[in-house]
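Engineer: Assemble the complex: chain A is given as a structure, and chain B must be docked to it using the hints.
Taken in sequence, the protein lines are chains A and B.
Going by our numbering, the first sequence opens with residue 1, and the numbers climb by one from there.
Going by our numbering, the second sequence opens with residue 1, and the numbers climb by one from there.
FYI, nobody ran anything at the bench for these hints, they're computed from the structure.
Errors might be hidden in some of the hints.
Treat identical chains as interchangeable: a pair holds within one or across any two.
Claimed, not checked - Below are the DSS-like pairs computed for lysine-lysine, each with C-alpha atoms no more than 27 Å apart in a straight line:
1. K38 with K61
2. K144 with K101
3. K149 with K385
4. K144 with K100
5. K144 with K385
6. K149 with K86
7. K101 with K86
8. K279 with K424
9. K144 with K200
10. K86 with K424
11. K79 with K424
12. K291 with K424
13. K61 with K47
14. K385 with K86
15. K385 with K200
16. K101 with K385
17. K100 with K385
18. K302 with K279
2 protein chains.
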Amino acid sequence: MQKIINPSINQWQSLCERPALPQLDVQELVQQIFTEIKRNGDEAVKKYTGFFDDALIENVKVSAEAIEAAAQQIPQDLKQAIQLAKSNIEQFHASQQEQKKVIETTPGVECWRESRPIDRVGIYIPGGSAPLFSTVLMLGIPAKIAGCKEIVLCSPPDKNGNINPAILYTAQLVGITAVYAIGGIQAIGALAIGTESITKVDKIFGPGNQYVTAAKQAALNYGVAIDLPAGPSEVLVITDATCNPDFVAADLLSQAEHGADSQVILLSDSEGVTDAVIKALQQQTEALPRKETVLKCLQNSKAIVLATINDCVNFSNLYAPEHLIIASDSAESFVNLITTAGSVFLGNYSCESAGDYASGTNHTLPTNGYAKSYSGVSLDSFVKKITFQKISAAGLQNIGPAIELMAAAEQLQAHKNAVTIRLKSLNNV
Amino acid sequence: MQKIINPSINQWQSLCERPALPQLDVQELVQQIFTEIKRNGDEAVKKYTGFFDDALIENVKVSAEAIEAAAQQIPQDLKQAIQLAKSNIEQFHASQQEQKKVIETTPGVECWRESRPIDRVGIYIPGGSAPLFSTVLMLGIPAKIAGCKEIVLCSPPDKNGNINPAILYTAQLVGITAVYAIGGIQAIGALAIGTESITKVDKIFGPGNQYVTAAKQAALNYGVAIDLPAGPSEVLVITDATCNPDFVAADLLSQAEHGADSQVILLSDSEGVTDAVIKALQQQTEALPRKETVLKCLQNSKAIVLATINDCVNFSNLYAPEHLIIASDSAESFVNLITTAGSVFLGNYSCESAGDYASGTNHTLPTNGYAKSYSGVSLDSFVKKITFQKISAAGLQNIGPAIELMAAAEQLQAHKNAVTIRLKSLNNV
Numbered sequence: 001m002q003k004i005i006n007p008s009i010n011q012w013q014s015l016c017e018r019p020a021l022p023q024l025d026v027q028e029l030v031q032q033i034f035t036e037i038k039r040n041g042d043e044a045v046k047k048y049t050g051f052f053d054d055a056l057i058e059n060v061k062v063s064a065e066a067i068e069a070a071a072q073q074i075p076q077d078l079k080q081a082i083q084l085a086k087s088n089i090e091q092f093h094a095s096q097q098e099q100k101k102v103i104e105t106t107p108g109v110e111c112w113r114e115s116r117p118i119d120r121v122g123i124y125i126p127g128g129s130a131p132l133f134s135t136v137l138m139l140g141i142p143a144k145i146a147g148c149k150e151i152v153l154c155s156p157p158d159k160n161g162n163i164n165p166a167i168l169y170t171a172q173l174v175g176i177t178a179v180y181a182i183g184g185i186q187a188i189g190a191l192a193i194g195t196e197s198i199t200k201v202d203k204i205f206g207p208g209n210q211y212v213t214a215a216k217q218a219a220l221n222y223g224v225a226i227d228l229p230a231g232p233s234e235v236l237v238i239t240d241a242t243c244n245p246d247f248v249a250a251d252l253l254s255q256a257e258h259g260a261d262s263q264v265i266l267l268s269d270s271e272g273v274t275d276a277v278i279k280a281l282q283q284q285t286e287a288l289p290r291k292e293t294v295l296k297c298l299q300n301s302k303a304i305v306l307a308t309i310n311d312c313v314n315f316s317n318l319y320a321p322e323h324l325i326i327a328s329d330s331a332e333s334f335v336n337l338i339t340t341a342g343s344v345f346l347g348n349y350s351c352e353s354a355g356d357y358a359s360g361t362n363h364t365l366p367t368n369g370y371a372k373s374y375s376g377v378s379l380d381s382f383v384k385k386i387t388f389q390k391i392s393a394a395g396l397q398n399i400g401p402a403i404e405l406m407a408a409a410e411q412l413q414a415h416k417n418a419v420t421i422r423l424k425s426l427n428n429v
Numbered sequence: 001m002q003k004i005i006n007p008s009i010n011q012w013q014s015l016c017e018r019p020a021l022p023q024l025d026v027q028e029l030v031q032q033i034f035t036e037i038k039r040n041g042d043e044a045v046k047k048y049t050g051f052f053d054d055a056l057i058e059n060v061k062v063s064a065e066a067i068e069a070a071a072q073q074i075p076q077d078l079k080q081a082i083q084l085a086k087s088n089i090e091q092f093h094a095s096q097q098e099q100k101k102v103i104e105t106t107p108g109v110e111c112w113r114e115s116r117p118i119d120r121v122g123i124y125i126p127g128g129s130a131p132l133f134s135t136v137l138m139l140g141i142p143a144k145i146a147g148c149k150e151i152v153l154c155s156p157p158d159k160n161g162n163i164n165p166a167i168l169y170t171a172q173l174v175g176i177t178a179v180y181a182i183g184g185i186q187a188i189g190a191l192a193i194g195t196e197s198i199t200k201v202d203k204i205f206g207p208g209n210q211y212v213t214a215a216k217q218a219a220l221n222y223g224v225a226i227d228l229p230a231g232p233s234e235v236l237v238i239t240d241a242t243c244n245p246d247f248v249a250a251d252l253l254s255q256a257e258h259g260a261d262s263q264v265i266l267l268s269d270s271e272g273v274t275d276a277v278i279k280a281l282q283q284q285t286e287a288l289p290r291k292e293t294v295l296k297c298l299q300n301s302k303a304i305v306l307a308t309i310n311d312c313v314n315f316s317n318l319y320a321p322e323h324l325i326i327a328s329d330s331a332e333s334f335v336n337l338i339t340t341a342g343s344v345f346l347g348n349y350s351c352e353s354a355g356d357y358a359s360g361t362n363h364t365l366p367t368n369g370y371a372k373s374y375s376g377v378s379l380d381s382f383v384k385k386i387t388f389q390k391i392s393a394a395g396l397q398n399i400g401p402a403i404e405l406m407a408a409a410e411q412l413q414a415h416k417n418a419v420t421i422r423l424k425s426l427n428n429v
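Bound-form chain A, shown alone:
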């Protein structure tokens, strides 16, 4: 971990820069697979599943029996843990439902918004060694609360054609309507285009490797929306003398274990605290199964000492972290200063892991600086907010003359006419 003491404010911008990501040029491959899916449907999806996942699958759709059987394999204590997380995530996301508020902007002119679910959503869950069933909770629960009619899930099969049972159990628990044992570009292509067995969806959610990311970008050209731009996960921790350096080190490591390209930033108003955290980092790293990944990540990481905690928050706003932890007893006093972050963890017991799994907030968040302009996934991500207006004859008489003047000034005569013809008919009554 690189230690930087009191950098001048001119250096902040460059300290905030993320390392350039290796660009993998897979556009052509994505186009080829999408084109084949468009032509051959399921057959193409199965072909590429054989090719990339080394799995021969007869049906892309996972059967109800297989899902039922998977649930039997999950230990009771893990089931209870997942259910506790589900309950918290449900409460928080249900609180994001918007109440209808009718605003009479002018007498006789009523405007309001109503939310409607996005009909069909697709959730992508990566495969590999770690089964990310927590992401099934984070995406499936708000989709269900929103009322999405079809909530389909794709996850790559292992060599025997199976999906990890914890993913299947969680999918069933949250009410996923169909699970497909497919992954990678071919899964995103199937969701974007549709096949004989796979629903074409309106929006695709979920994390993935560079192939999945490129495929999600390509899906945009098929009229499908996506959740967020992709990027490596990151945490920024602000510490003062009231933090516990061991806790802080553990939080930094929980981010570092995600991958060598994860971003970990430590800020403090105290060099002593910084050194204590760095020491704890070294000690704790030794015991980790993903030690090598962690060490690579820490090589790119920075510990920066600034004059005050206010400066630390200002630096953080410029960096725009996905996760921001304020490890301080007075964390709450800095909330109003925070302008840019994905999710914020206040105080010494609010660890990022809590938000990753079970506090109730969503863990699908803007990274790579996108917190400057994007929010994390929430109930809003699964609905459209439609505006309505109801204008009475009297209402149109109140605002009509203004509309006529503005439309005429924009040289849109037919826009003006739509008002004029109504006002005339009212004058003739």
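Structural biologist: Chain B in isolation, oriented as in the chain A frame:
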């Protein structure tokens, strides 16, 4: 206008298809201009302004004096009309502010969201014959309510280097912080990259031609967000025996005058009403200054008769119109059936023009079928909603064991450790 009587439900999907848009391949041009802006800043922007707009500008930024002088040129009645529209748009968008709701998902675990403005936003207003000052209202007002620090506006200059005074007046009225007399690819490039005089922004809003659209897409690669995918404007009108065919025809024409590629759909449960509207269309078209454009648009347009108004609403949901007018005295009884639209106009006096200018709703809406997954521009478009969590020691004791189990099952040992180290320290107290 093509008339279709009682199409079978199998035909609905193809009836909903938009005509394919001519793809203009301007990617290379966009890349070239962006690269030059990155290298040469203002100089490159001025060069392309000379090239595309035939205007030699010394300063890209419009002076305070020029803005002041423009305001003097606007007639008093138009100023009052713009101010009435502003007041209504302000009221409706201010009502979209979210109240902070702290949810205690488990004792000791508090979660909430807080909105923060996107710091820097750019608004693009096209040039050409019609000065779209109404779009300045629709984008500038919510940006101001959100609290965006920098709200900059770009609009192409005329040959004398000037921007239409109505645009400048409205920009000043709503509190735009800087106006640049630049347009097209070079304006979007300047906003996405930044130059000596032009702020690099976090998000770009506003309509534009194919060059602007391509440039907005390219801006995404510079970490900048955009408002909505682009597409031609469209209206779908549902009519029954209680509609006024003259009003309906006027509404269809107000859409048709936008351009030959505008989409206009008429639905009814009555062939008689349909014929009456078509007749009124023919009569009203004759008097329009944009008659030729309107006639081209109507060639691509459809009038479809279905069995019931319920069927009409179902068809509309499939079509996903940008604007939906229900021209019926009982319009409100269909609101709950509507699942997909950008903005909805209820009853015989709620013309689309009202929402385009002055009712209070936003006129920047998802088109080309994107209403399936996108909402129109609202206050939400100018803020990030940051999640916060505050977990007490007792709170972590309540949810910590569940987090440990889930993290272990996902093979993320460091995630588990972040909880374990805290729980251990609490047990040792």
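Engineer: Going through the numbered hints above, which ones does this structure break? Give me the numbers in ascending order.
Structural biologist: Violated hints: none; all satisfied.
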